[in-house]
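Work the whole structure out from these sequences, hints included.
So the sequences go chain by chain: W and L.
631 is the number that my numbering gives to position 631 of the first sequence; each next residue is one higher, with no gaps.
79 is the number that my numbering gives to position 79 of the second sequence; each next residue is one higher, with no gaps.
One or more hints might be untrue.
[Stated by the list, open to error] Chain W stretches covered by chain L per the calculated footprint, using a threshold of three residues with CB under 8 angstroms from any CB of chain L:
(1) 599-611
(2) 664-676
[As the list claims (entries may be wrong)] Here are a few chain W residues that sit away from chain L, every Cβ distance over 12 angstroms (derived from the structure):
(3) Arg357
(4) Pro370
(5) Pro379
(6) Asp414
(7) Met487
[Unchecked claim] Sample of chain W residues facing chain L (criterion: CB under 10 angstroms; computed from the structure):
(8) Val320
(9) Tyr656
(10) Pro660
These are computed hints drawn from the structure, not numbers from a lab.
Glycine included, every Cβ here is placed at the ideal spot set by N, Cα and C.
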Amino acid sequence: MGEISNQGLNQDGFDLTQFYGVFFEEARENLANMESMLLDIDVARPTDEELNAIFRVAHSIKGGAATFGFSDVAALTHELETLLDRLRRHELSLKRSMVDLLLEAGDVVKAQLARYQGRTEDSPPTDSLIERIRRLASGQDDVQNAPPGARCLDIRIGPLKEAAAADGLIELFRDIPSLGSIEALDAGQLSADAHRRFKVTTTSPDAELIELFSFHVAREQVRIADFDGAGEPSADGASRTAQAVAAKPPGAEGDGFGFFVDPKTLPQAAAGKEGPASADADAARRAEGRAKTDKSAAGGPESTTLRVAIEKVDQLINLVGELVITQAMLTQQAKDLDAVQFSSLLGGISDLERSSRHLQETVMSIRMIPMSFVFNRFPRMLRDLAARLGKEIDLKLVGEATELDKGLIEKIIDPLTHLVRNSADHGIETPARRLAAGKLPHGTITLSAAHQGGSILIEVRDDGQGLRRERILQKARERGLQVRDDMSDSEVWALIWEPGFSTADQISDVSGRGVGMDVVRKNITALNGTVELDSAEGYGTRVTIRLPLTLAIMDGMSIGVGGETYILPLASVVESFQVMPGMVQTVGATGRVVKVREEFMPVIALDDVFRVPRQDGERAPEIMMIVEAEGRRVAVLVDELLGQHQVVVKNLEANYRRVPDISGATILGDGRVALIVDTANLVKRARH
Amino acid sequence: MGMMERIATDLAASARVNEFLTFRLAGEEYGIDILKVQEIRGYDAVTRIASAPAFLKGVMNLRGVIVPIVDLRLKFALGEARYDSFTVVIILNVAGRVVGAVVDSVSDVLELEEKQIKPAPEFNSLLDAGYITGLGTVQSGEGERLLILVDIERLMSSPDMGLLERAAA
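Here it is in structure tokens:
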């Protein structure tokens, strides 16, 4: 159990970079998804599902970027989100130009992320892109896609062996009148560095020009820049164009062209080759392929992790399980062999035992991750959030050591992030308001994880202002939902989970577009989990996520009852002691109680609960285990304690059904199945 | 052309031939669709489940998968439920689940053509006639053997097996 106070957190004690990899990986997947969705989308008839999905991509990248302090990524995705939000609310209709711009923005985000990953030096400029997204979001046309007026370009070709090599360009313009006009600025002579210079007035995009020019000169020899009437264009075309763009007022002639150089291509240009100083997104994308090849040849630092299909890991786990069982059998068989005669065989078996145990541990560890993996992202996030929102927030983490299946962990990150952000943004009040309400100036958000019964329980709790019933009902009416004033509180809270529902008064870049809650529920339902919300106005809100134990590791106490073995979750075992005569007293005819430290507890005999067959003359159960669940304690009577170990929780429902008082099953070292006792149910049983 | 046609006819004919795994229960011989059978293994290390009916012997670890084991001999009150090194469990793949069935012995894999399968008459038996898809006849030596063909999928997912959660759900 640990508590991390947000206020006392020092930067050094906290290595946020360990999560960068996850974020980059997620973002890359998200961007790839967005791209394929955009490419597939029917512009005339986009479905709500598609628009929502694309919106969520932008939203989750924004969230992550904001958490890690990648402000330019957050700024750009925030704009995308605004545009997409209007689209999914049908306040704007989707246009081809928007799809193009979204794709372009996706590339820029990729480039920005590449820079944070240290793969490239320069970050692409975003000012004009953001401006264009804003224009579209405000319902205006994109300048880039409005029929562009003629642009005046400064084109340099070279280095060339002879000046006449570039004369083909002049012919080109003569042959294609629609292309515009060309004018040699150098009187047909090569410059000192063997270049030719032309002034071109055209309406065609850069890519098309380069395409056409490539009939006469090599693609790499072409440099395109905006013509500014001045003398020599700067030698470094890429940075010059970037500056030009930054300086240019939005919507100016020629704006948006030629500066979306994917930074991945930059090292190539910088390497001294005559790389394209400037090309449009298409050309850059083509070049990207080359840049990537270079990278892998150079053994880039990309793959420190390997993504493997989960089925492969599961298969591995099962195979290793088999191996361990076979090994246990061999060990058993070899026990009676003569140690001298079979010394090498026995040595081999003991080696086998050691390596297979290691192997099992390693394979199991692939899937299992402690909750701290998720929880540790929050201190930093909350610290930044608190600073931005002008609030004081303490974060309390409970049960970080609870291990969870990787599949579940990965899928729980997003919903939890949403919930924590919501708590900070909408739940916790400003210090002034808290003081006025008679609370401490700093709010507390508690994140906890625990195994309970057949589930994992994750809670996000805040001591903020709670939900306002009236506000939710009003908002629901505005959104055209069927509501009544006499709905119960829980029915009102349930409205929160409707798509697009947000009661935030102001949209912030933290949360408050109402994307969170429906996504939270969707993600958790997809994991066969449930999510519940409870709130009291003025006192706070609690969201409880319950996930099934599909494949979770649990610390278990194995106990023997009449020759059978059961597992008790160690987390629920408080203590155990030997039963002395006279300790257990009967109450009424059947009820039995035991007094432990001035407290009477009901006694549950496990052999009764599970109707364990007993032979005559077998010894009586003599160990009492105090078990706690849901805040109540009972004393469980068992025969013996067999040991304490980590068990892999398997569910019985996969091939069978739920069994009363059993939360799952596990496989013991000898290959037998042992049932895991549902302590929460035992406690309930004692109550009734 | 002629050859191709012949192959096509052969294929069509073979599609009509069904393969059955046959097993014995109290001297009677039953056949089930071989495609439902995953594997056959010995009866070993079954963990009892307290609240389950007697014919559900418990659960077993099959390479990391937890599989419920039904003893058909107990379910239909046939034969003597003995468990020794000769007891076999047929691991079935039915209704998306893996289930084990204990029988007296597994005897054969047989191909039956459609003409060898006759509809089962209405009769009183321990096994609900609804689960019997037909009666097969197999030549064995001098005489004929009777094979009771069972729809094992329907049988295993039936409510009175209690293997599935509330059966209908």
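Comparing the hints with the structure gives:
Counting residues of the stretch 599-611 of chain W whose C-beta lies closer than 8 angstroms to any C-beta of chain L gives 3; at least three are required, and the coverage claim holds. With 8 residues bearing a CB less than 8 angstroms from a CB of chain L, the stretch 664-676 of chain W meets the requirement of three and the coverage assertion stands. Non-interface call for Arg357 of chain W relative to chain L: holds, since the shortest CB-CB distance, roughly 17 angstroms, exceeds 12 angstroms. Every CB of chain L lies more than 12 angstroms from the CB of Pro370 of chain W, the least distance being 23 angstroms, so the non-interface label holds.
Every C-beta of chain L lies more than 12 angstroms from that of Pro379 of chain W, the closest at about 38 angstroms, which supports listing it as non-interface. At the 12 angstroms boundary, the C-beta of Asp414 of chain W stays outside the reach of chain L, the nearest C-beta of that chain being 30 angstroms off. No beta-carbon of chain L comes within 12 angstroms of the beta-carbon of Met487 of chain W; the shortest separation is about 29 angstroms. Taken as an interface hint, Val320 of chain W checks out: its beta carbon lies about 9 angstroms from the nearest beta carbon of chain L, inside 10 angstroms.
Annotation: Tyr656 of chain W was flagged as interfacial toward chain L, and the flag holds, the nearest CB pair being 4 angstroms apart, inside 10 angstroms. About 5 angstroms separates the beta-carbon of Pro660 of chain W from the nearest beta-carbon of chain L, less than 10 angstroms, and the hint is met.
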